[in-house]
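Colleague: Sequence:
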Amino acid sequence: MTIQSAFADLTNAIRPLYDAREAANIAHLLMEHITGLGKLDRIVHKDMDLPPRWESQYQEGLAQLLSGRPIQHITGKSWFYGMELIVSDQVLIPRPETEELVEWVLLDHPSHPALRLLDIGTGSGCIPIALKKHWPSADIWAMDVSPGALEIAARNAQMQHAPVNFIRQDVLDPQAAAPLPALNVIVSNPPYIPQKEKAGMDTNVQQFEPATALFVPDNDPLLFYRRIGQLAQERLEPGGRLYFEIHEDYGEAVKAELLHQKFTDVILKKDMFGKDRMVRATKA
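The sequence shown begins at 1 in the UniProt record's numbering and counts up one residue at a time.
Keep in mind the hints are simulated off the structure, nothing from the lab.
Just so you know, these numbers come straight off a predicted model, no measurement behind them.
C-beta atoms are modelled at their ideal positions from N, C-alpha and C, and glycine is treated no differently.
One or more hints might be untrue.
What the hints assert, rightly or not - Capping the alpha-carbon separation at 30 angstroms, the derived lysine-lysine pairs in BS3-like fashion look like this: (1) 46 <-> 133; (2) 77 <-> 262; (3) 196 <-> 133; (4) 269 <-> 198; (5) 198 <-> 275; (6) 275 <-> 262.
Claimed, not checked - Derived CB-CB ranges, DEER-like: (7) 252 <-> 52: 54 to 62 angstroms; (8) 9 <-> 170: 43 to 51 angstroms; (9) 48 <-> 181: 54 to 62 angstroms; (10) 113 <-> 59: 14 to 22 angstroms; (11) 67 <-> 238: 19 to 27 angstroms; (12) 253 <-> 161: 33 to 41 angstroms; (13) 182 <-> 46: 52 to 60 angstroms; (14) 108 <-> 2: 32 to 40 angstroms.
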């Protein structure tokens, strides 16, 4: 099996799971992971036979892809806001929509301020690390209930030379705000998918990404938005801002909840696909 034939066979094998473009991208990622060769080098060496070790890794990777495992879990890495991050089944794979949330926060504060900022439900640490790299003087905190997620996040912060104060805390705990300083900004991409939607989701999401970071009870889809809003009222300074990533179907409901909690300047923002995906609110 040559590098070229391995790529072609891999692309064809996973086509039932992905469209043509995504299948090719995934095949490129796996082949680079196995060989250590970039796309151009693999073209130059396309007729090179795979050594036994590479062929074994290829067969194992193919089997995992066909089982639905995300390519990011096979390679152990994902890209977010220009950074290569470690990922595993302990954290959500960072999404482009979350990059838009980071961009909104940065655009609202263009002078590289020395802010005190908290990310709630940090997962891989992608949000606070990206913000810390742009705001070296900011005092940035990040909270998660999962020890596994916090371990990954801390490794990412170290790898990116972006010191973040990570704390293990359940935001639903009434005492969650106790260890936190007064804050200027709170950001969160909390769980927001009702359990009833799980059956319709892709296998690579519902079986391989952490359920605690994804799902909320069907009878209380705003659970985390309501609680984080309460924490923000406790810890945000006047004029401080709260930013959420949201379920596209609950934008108006999240906005109404924040207005009910006496936030002002509540703005609903669409993502690159025209879906309601982000909300910003200001503490009076």
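Colleague: For every hint, state whether the structure bears it out.
Modeller: Evaluation of the provided hints:
1. 46 <-> 133: violated (38 angstroms)
2. 77 <-> 262: violated (40 angstroms)
3. 196 <-> 133: violated (38 angstroms)
4. 269 <-> 198: holds (25 angstroms)
5. 198 <-> 275: Roughly 20 angstroms between the alpha carbons, so the hint for residue 198 and residue 275 holds.
6. 275 <-> 262: holds (25 angstroms)
7. 252 <-> 52: 54 to 62 angstroms: holds (58 angstroms)
8. 9 <-> 170: 43 to 51 angstroms: About 46 angstroms separates the Cβ atoms of residue 9 and residue 170, which means 43 to 51 angstroms holds.
9. 48 <-> 181: 54 to 62 angstroms: With a Cβ separation near 56 angstroms, residue 48 and residue 181 satisfy 54 to 62 angstroms, so the hint holds.
10. 113 <-> 59: 14 to 22 angstroms: violated (51 angstroms)
11. 67 <-> 238: 19 to 27 angstroms: 51 angstroms Cβ-Cβ, so the 19 to 27 angstroms window is violated.
12. 253 <-> 161: 33 to 41 angstroms: The hinted range 33 to 41 angstroms holds for residue 253 and residue 161, with Cβ atoms some 39 angstroms apart.
13. 182 <-> 46: 52 to 60 angstroms: Between residue 182 and residue 46, where Cβ atoms are some 59 angstroms apart, the hint holds.
14. 108 <-> 2: 32 to 40 angstroms: With a Cβ separation near 51 angstroms, residue 108 and residue 2 fall outside 32 to 40 angstroms, so the hint is violated.
Going down the numbered hints, you'll see the structure goes against 1, 2, 3, 10, 11 and 14, while the others check out.
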